[in-house]
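Enquirer: Here is how the chains run, residue by residue.
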Amino acid sequence: MNQNVFLNIEKKLQHVSGYIIKQPSHVSYLTNVLFPYPENSPYSTALVGIPEKNEFVLIVPVDWLDVAKDQKWNHSIVSYNLNQGSPDQAFCDAVIKSVTDMKIDTENLALDFPAWTVNEIKQLSAKLNHLKWQDCDELLWRNRMIKSEQEIRFLHQSAQIADRGMIGALNHVEGTTMSSYYTLSEFLERVRVHAIEFGTCGIGHLNISQGAEGKAEITPIQDFSFVNQDNLIRIDYTSEYLGYWNACSRMFYIGKPDKESEDAFEANQSLIIYAQSLLKPGIVIGDFCKLIKEKADSSRISLYDETCFGHGLGLSEAEWPFITIDNPDSFEKGMVIVLKIKTYGPQGAIIHSTETYEITNRGYRKLSDFKEWNHLYRIDGCRSNH
Amino acid sequence: MWKRNLINKFQTSFAQQSNFDGLIISDPVNLTMITGIRMMFLQTMKNYCVYVLWSHERKVLICPKSLSSSFSNEGWNDNIIVYESCLDPIQKATDILIEEIRYFFRAGSNLGFEGTYLSQKVFDRLTEALPSVHFSDSVNFITDLRQIKNETELNNLKQAAEIVDHGIAGAIHHIATIQSKTEKFLTEDIRVHSLERGLHISGYNAVSQAISGDKSKKLWANPPKFGIGNETEYREGELLRLEMCGMVNNYWANDARTLLKGKLNNVQDEFFAKIADLRSFACSIIRPGIAANEIYTSILNKANELGLDMIKEFGFGHGIGLEPVESPYISASDPTVLAENMSVVLQLSARYIHGEIITSKDTIFITPEGCEIIGWYENWNAPYTTAYTF
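Protein chains in written order, with our numbering: chain A, 1 to 386; chain B, 1001 to 1390.
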């Protein structure tokens, strides 16, 4: 149980009698319990707690009871099941019962308000007398922005696994591009398989694009298209290690890259190098973004997204700080971010190569350091056996 | 073509069956139906916010600029309003939504929203900014729309069920009694064999499991890894629980089968015969007009009669469609009356003698007369048993 978090956020709240936290990554952050793809499930979890009494109840669907116990959750646990009601009704009833049993004063609750749906608030309001709450969501996100040493180790490992997954997949595709073709889908599956080989605990987003298809950010594969010669390929995926996510995008060229592709990749790299030179504690994130945009404009490099250049990483695939042009916050030591600078390449395809950084006292430490991706990766040649 | 068909289904239902002047769609699963593209990361990455405001006269998609070409490419050919990526995309998108409603809806208009998805925080902003608009929960309309499938949806579900069932069967043909592989490789093989047969690749909960022995006493064997096997070896005589979730054209399969490494003994034979009896019984009662909770009670009574130790807390199934688990739920609490063209997963989970959870999941279509099991690649009334060697 990550109880220090409550001490940190309680200073900024007024007379809180108890907490109800629902956002899955907040729950994991506080409890050290991870759940199977919770946002993609009809089931919700919540943590109900009174930190000053060290009383906490984790509310889970019955399917995940063992999941919590196996991760050494040693406070109370309440499960709900579908025989008690629809997923949201059974969940809300379990929350209401826990709050009531714990005798939490419902006029002084803290909850992560944006995570609660209209129907959930309606059910809670109907059964909890005089329900009043303070929103602690932003405080939790802010607290989560600064990573502990252990979190940074996990994020480093996560970044390395993500790149190893890419390289493992590439090693299968090399030598197959002129015969015995790989499908795009199978290439992407190789990335997942190799990330698993190198220790990932879960895969999230998966996307692959080829040639002019890469004009769009998301390109679902719904056929058996092959990896084809003389094409730019972009793979984007997210993966996690012990709950800590990495977002990884890499570019490859099938065959001998033409000058236009090489130049486009080099231009993208020049912006990454420039952004790295700015990366240090104290710089206002919005200013950081403006400088990158100015550099792109002065270098005549077209940006796919002119106002966002990445985000924080942690127990969510995308979390604070968001590296957006309107962000007034500054980089701080202990933040871990993924830099996402997207530019245009041949046929309007998006060029995107991510890098993950820890913000340090003096500047940054690159966590995506399994290999340098400063040249366009070429998949070419033949495979021979003897 | 199939995308247009689904958009038309939504449009027709909205025109003929709803009392709404407009609908606000924000649930990424519902957005899938009307845009043709499944963006599973919208459920996990809060730096994106997408709305569709749907009315008889005008459909508008509100999304970050970076996603607009993805929506256009995949079939959205109505209006798009984009916003630049920013610190608070929900606020930005909601502001645009408010302006659209102000401009295109008269005072007193009845606007539907998804009460089970829309956050109270956003709802408060909407009601504060638009006091003259009447907001009402569209959950019943959307649920009905999603529960009753049209031919295209049923085709997608059939294809998904067939592919995944064949994928599992294909993977387990690589296991022999004396030549096995680890849990990790069989888990991967199930996924890969499904993809090879045409499953559309997707991440998150599109995962497989292949669990045996003591580990199969739990639903998720290796937390905090989910859907990822480890180096566990399968022993002769063990029952393996095989599971796979995956999509075709955004419609899911959710399949579970059993493999026995070796030959069936009498106790196993008897156990699986009872499961087969229970499945036959369930299929004999599932028909249009019966309530989901009535099916649950009947299955439970029959299981007790057969002496099976059912895991009744999971219910005995659920709907399947744009999500691998959706309503209706075959549970004690769900009074939904089944109707023709609903699709459900019949989930029979029982504990075997040492507590192993044996699960069978069959996709079932509700037909005019009763129901039909979809997608069986082979007869699953008994578990698949391995050959001794290759």
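One should not assume that every hint holds.
Pulled a few chain B residues facing chain A out of the computed Cβ check, cut under 8 angstroms [unchecked claim]:
| id | residue |
| --- | --- |
| 1 | M1040 |
| 2 | K1046 |
| 3 | E1084 |
| 4 | G1115 |
| 5 | Q1120 |
| 6 | K1121 |
| 7 | E1128 |
| 8 | W1220 |
| 9 | F1226 |
| 10 | V1325 |
| 11 | S1333 |
Under the rule of at most 27 angstroms between Cα atoms (straight-line distance), these lysine-lysine pairs were calculated in the DSS-like manner [stated by the list, open to error]:
| id | chain 1 | residue 1 | chain 2 | residue 2 |
| --- | --- | --- | --- | --- |
| 12 | B | K1003 | B | K1158 |
| 13 | A | K215 | B | K1003 |
| 14 | A | K132 | B | K1003 |
Derived contacts from chain A toward chain B, CB cut-off under 8 angstroms, selection only [to be verified]:
| id | residue |
| --- | --- |
| 15 | T117 |
| 16 | S185 |
| 17 | P281 |
Bear in mind the hints are in silico, worked out from the structure with no lab data behind them. The beta carbon of each residue, even a glycine, is placed where N, CA and C say it ideally should be.
Enquirer: Each hint should be assessed against the structure and marked as holding or not.
Expert: Hints and how they fare:
Because the closest C-beta pair between B:M1040 and chain A is about 6 angstroms apart, less than 8 angstroms, the hint holds. The beta carbon of B:K1046 is positioned within 8 angstroms of a beta carbon in chain A (closest approach about 7 angstroms), and the interface hint is therefore held. At about 4 angstroms, the closest approach between the beta carbon of B:E1084 and any beta carbon in chain A falls short of 8 angstroms, and the interface hint on this residue holds. With 8 angstroms as the threshold, the beta carbon of B:G1115 comes within range of chain A, its nearest partner Cβ sitting at about 4 angstroms, so the hint holds.
Because the beta carbon of B:Q1120 sits about 4 angstroms from the nearest beta carbon in chain A, less than 8 angstroms, this interface hint is met. Below 8 angstroms, beta-carbon pairs count as interface contacts, and B:K1121 has one with chain A at about 5 angstroms; its hint therefore holds. Given the 8 angstroms rule on beta carbons, the hint for B:E1128 is violated: about 14 angstroms separates it from the nearest Cβ of chain A. Because the smallest distance between the Cβ of B:W1220 and any Cβ of chain A comes to about 5 angstroms, under 8 angstroms, the interface hint for this residue holds.
Checking B:F1226 against chain A by beta carbon gives a least distance of about 4 angstroms; that is within 8 angstroms, so the hint holds. Given hint, B:V1325 at the interface with chain A, holds; its Cβ is 5 angstroms from that chain's nearest Cβ, closer than 8 angstroms. A cut of 8 angstroms between beta carbons decides the hint on B:S1333: the least distance to chain A is about 5 angstroms, and the hint holds. Taken as a hint, the B:K1003 and B:K1158 pair is honoured in the structure, with Cα atoms around 16 angstroms apart against an allowance of 27 angstroms.
Between the alpha carbons of A:K215 and B:K1003 the distance comes to roughly 21 angstroms, so the proposed pair stays at or under 27 angstroms and holds. Taken as a hint, the A:K132 and B:K1003 pair is broken in the structure, with Cα atoms around 44 angstroms apart against an allowance of 27 angstroms. Interface hint status for A:T117: upheld, as the beta-carbon distance to the closest one in chain B is roughly 6 angstroms, under 8 angstroms. Annotation: interface hint on A:S185 holds; nearest CB of chain B at approximately 5 angstroms, less than 8 angstroms.
For A:P281, the suggested interface contact is broken, since its CB lies about 19 angstroms from the closest CB of chain B, more than 8 angstroms.
Of the hints listed earlier, those the structure fails to meet are numbers 7, 14, 17, in rising order.
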